[in-house]
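Sequences are here, hints too, so could you generate the full structure?
Line by line, the protein sequences give chains A, B and C. The working numbering puts the first residue of the first sequence at 1, with every later residue one more than the last. The working numbering puts the first residue of the second sequence at 1001, with every later residue one more than the last. The working numbering puts the first residue of the third sequence at 2001, with every later residue one more than the last.
Bear in mind the hints are in silico, worked out from the structure with no lab data behind them. These numbers come from a predicted model, not from an experiment. Cβ coordinates follow ideal geometry from the N, Cα and C atoms, glycine included. There is no bait here: all hints are sound.
Stretch by stretch, here's where chain A covers chain B in the computed footprint (C-beta under 8 Å, at least three residues): (1) 1129-1136; (2) 1143-1149; (3) 1241-1252; (4) 1256-1270; (5) 1277-1283; (6) 1289-1296.
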Amino acid sequence: MFVYILRRLLQAVAVMTIVSLIAFLLFNYVGDPVNNLVGQEASFEDRQELRSRLGLDDPFLVQFGRFVTNVMRGDFGISYRMQRPVEALIIERLPATLELVLVSALLANFIGIPLGIFTAIRRNSWLSRLLLTISLVGVSLPTFVIGIGLIYLFSVSLGWLPSFGRGETVDIGWWTTGMLTLAGLKAVILPALTLGLFQMTFIQRLVRAEMIEVLESDHIRTARAMGLPRTLVNYKYALRNTLLPVITIIGLKLGELIAFSIVTETVFQWPGIGLLFIQAVSFADIPVMAAYLVMVAFVFVSISMLIDVLYYFVDPRLKGVGAGSLS
Amino acid sequence: MTGNLSDRRGSFLWYTFLHDPMAGVASGVIILFLLGAILAVWIAPQNPFDPASLNLMNSFYPPVWMEGGEVSHLLGTDDQGRDLFSAILYGTRISLMVGMGAVLFSVILGVSIGLAAGYAGGWTEALFMRAADVQLTVPAILIALMIDGFARVSLPLAVHEDVVLYVLIFSIGIADWPQYARVVRSTTLREKEAGYVAAARIIGVAPAIIVLRHILPNVINPVLVLATLGLALAVIAEATLSFLGVGMPATTPSLGTLIRIGNDYLFSGEWWIILFPSLTLVLLALSVNILGDWLRAALSPRLR
Amino acid sequence: MGRVLSSLPRNRQKGLAAYIRCAAYCSFTAFFLWLGLDVKPVGAENTVRWSSQGDALTMDPHAQNEGQTLTMAHQIHQPLIEHNAALQKEPALAREWRLIEPTLWEFDLQQGVYFHDGRPFSADDVVFSFDRARAPTSDMKDVISSVSSVTAIDDRTVHIRTKGPNPILPDQITNILIMSRSWADEYGVTLPQDTASGQETFAVRHTNGTGAFILELREPDVRTILVKNRKWWGLYSGHNHNIDRIIYQPIANSATRVAALLSGELDFVSDTPLQDLRRVEATPGLVVKKVPEVRVIFLGLNTSMPELFSSSLKGRNPFSDLRVRLAMNMAVNREAITQRIMRGMAVPAGNIIPPGINGYTKKLDEPIRFDSDGARRLLAESGYPDGFDLQLDCPNDRYVNDEAICQAVVGMLARVGIRVRLDAKPRTLHFPKLQNNQTDFYMLGWGSATMDAHYHLSFLGLPNAWNRTGYVNGRLTSLISAMAAETNLMRRNTMIAEASGIIRNAHVYIPLHHQMLAWTMRSYLDLPIQADNQPQFRLARILSE
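Okay, structure coming up:
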């Protein structure tokens, strides 16, 4: 087990190093950091002085080392556009994205999994077929189309739900939450639906496929042949075997939610780090882009490690081997 | 009953295809789109990518069946006078080019790596599979977004405009190879132990030929299913990137770009600018998904 | 669910089913009730929820000479002289002012004024603010470049000395906002922010002004909240506004912004997308106010470089030929742009001076006639029968429909053989390109802080960071310096007319149009519209319904 965890840890470090390298290359070589920091009247001497002050003439490894130490301390420099420290920006906006992702994940899983189970067990009912067709459409709808459509229907035509922003938020320490106010809860529904719909349908289809395969497997057939009650067979045995691989996917999908939140935040003007990143791209705000890259990679790597460790404890087959990739 | 496995499989596929109306309709739609895209240059009444062919006074025409519509502009025009029908044809062409290009790139890359890793084993396998794992931690859309975003920020405009199509294909394609590699590798591992492979090795057949002639055909099934579903995802990914502004620019719009342009006119009464490209995109993705579904069901009988 | 139920005994089945049904119905009802729960509290404050495309860049009043930033700053701080809704000068922190020598102005200051934190206002704060606005890191220094020194004579009087006679100094200082010296000393913000120092200064998100509103919360790009300054001295001298709170939230996506307006989530949008005006006007409860903005939108041509660096044509610069410039002017169909892109909310222009300011002549503003074929012929005559290629630099978040206008111009120029690559980007990237002289062909808009043509002529007719045409005309230069010191109105206006004529006939600019403003607000919000696109909430009232 120790070997297993160590391997995953090494892998995590490898990912972070590569990502930091890419972020560093961007930071230093895309555009000229000096140009972005001084006014246009600055003389050549001023620029040179700034270059040496920022250490831009030091050897590559020294600069990279400095970059990594700064990153580990959380210092990403100053945003060119907002003229504020990047980490302050990220901390301000992170809770919005995380809350959105959490609600979307809850929606996607707590609706998707039961629907998947239902359509697997009652394969031939008309409801099952209907749900399958709907899920097919759901997987074919791009996130932004869903978002625009929902705004048109629920905000403008019906006037039930807000079309932008987080509503009212409450500060708890450095975290801001929209979950404690009515306005905040209302504001999160449409974005969460938009973000979660694709996942909901995907998970439903995945669970259905997995469960069907498990239900046809030998040991389930045996159990049924032995006369065990249907409920017991379906829920206790089949479900457990289905959920194992599904858990891994859910973990990866959580990362995808964070990625797709960029689109949702753009459509709903949701003040999270996704919107921050897109604005940084159009403004060529390199420090923010680099910071987003590193931060988001860190989140993914952590989730991935967590899932792997969880899986290790859940799947007994792994305990005996220093398992590598789980394909 | 002679003939090898693939023959029988072929006829079975054809049988299920003929008996599944959904698959038939879906394929019909896809073929329609493909034809439209390929023949766009000849069918389209206007070349929406040529600024000289646009006339601003022709902007905001509604579709032909509404008052004020013109026959020369079947689906109306957008804010710059682009004929929407032509723009959709050209846009579909781009979406399909990027989608298919990306999938092709992914498949070739992923299958080659999977075969090599599975057959060679040892450190080759370890290296590639580690790389796949590492890349799988980051979602595909984010990788594509990063590459596109940084390309846009760092390349001068003239260069960027010329290469944006290839940047898109590359960024979406490179994000997806690990899943093909993994599937191919596990299948290869299995087939490697089969009797006929051992026999071929004993005879002295070169490893490359073993891999290509014997192992590859058995690997195609799952790859085909993944590729079809991957096409739908790639098309949606390209539309998403274009909508966010890091994909195809407004001068050579894809379906996603058209939707972004049309978004500004959602409430102003010129609904056709956003509706028709959206419908096209969804229809395209849906058809590919239906086909993929059918393919998966046909190739693994237990799911039916 | 059926399977689960069927494994239970009969009566328990019925009970369970009934229970589940009831739970389902109840939750649905509760959900919909909750959705409708949007009770407006009685006796609430008068709040204005305001939105536009782009947020203020900073709360430091001297750091950025930029529209939205200054608009926000004007709610919190005040200048010596401010504009009323009709853009006429009114006393603000200066009660009276007079010219006591050709280069010396005297200002009598208001008494009994306090900053938001209670500090008293005095002449020393004026001196400090002007010095700060002239500091190297200030973006306002070009506006008051004619000022040589500012001194406090006593607690209530200030002298401003100019380098040469400057009859329009009072117009120029309407955007120089007054800060407190002691506050700045205490918080270390005696200079506007120096980005290279790597620190965020306190003034970027905190303020201390004398204005009608106090900054309560600043979340850049998310939300800025201003609350009424109940001790504001202006409340006792006629400005009896009743706005308690202003919540500003930028919404970049125009469809989302309009959706929020239509659904009632916003009270005031200062940049209504033109294509939605018809629908917004037809919506009950919303009112659209329109006014021609004092802002001309035009394209500038680089005429003086030996070759265009964005073109593949090497060795010569097509724009150095007057005929080519005239051809470009003839190739642009201003009527089409006004009708189709601006939806009638613009007036085609023929010169770079907007109507409404002193020195404007209608005759000199006649748009050049649109003649695509004529343009082609002229180009062929000048030696460019096959045209040439180049790049057009445009902002995409500054002027009304700026990117769409540029796209249309690309099409029009393509039709006469000039192939243009369009580079549309945010203003914070576009303007530095201009200022660093990296563009051959650019879009720019120019409003007036002084309501006098000299502002336009000096910035657009003389070489400076905002004029990249490279055009130099001796007569024009001497006219502009002469009019700056000329006190005889008639002589001055003749000079202005001659100078305008020179610029127009040189065709170094392609004037497009003068844009119009459209502000949308709730019918119960009475906010006068201003032609400088700077809403002043001290002039607003919420009408009781």
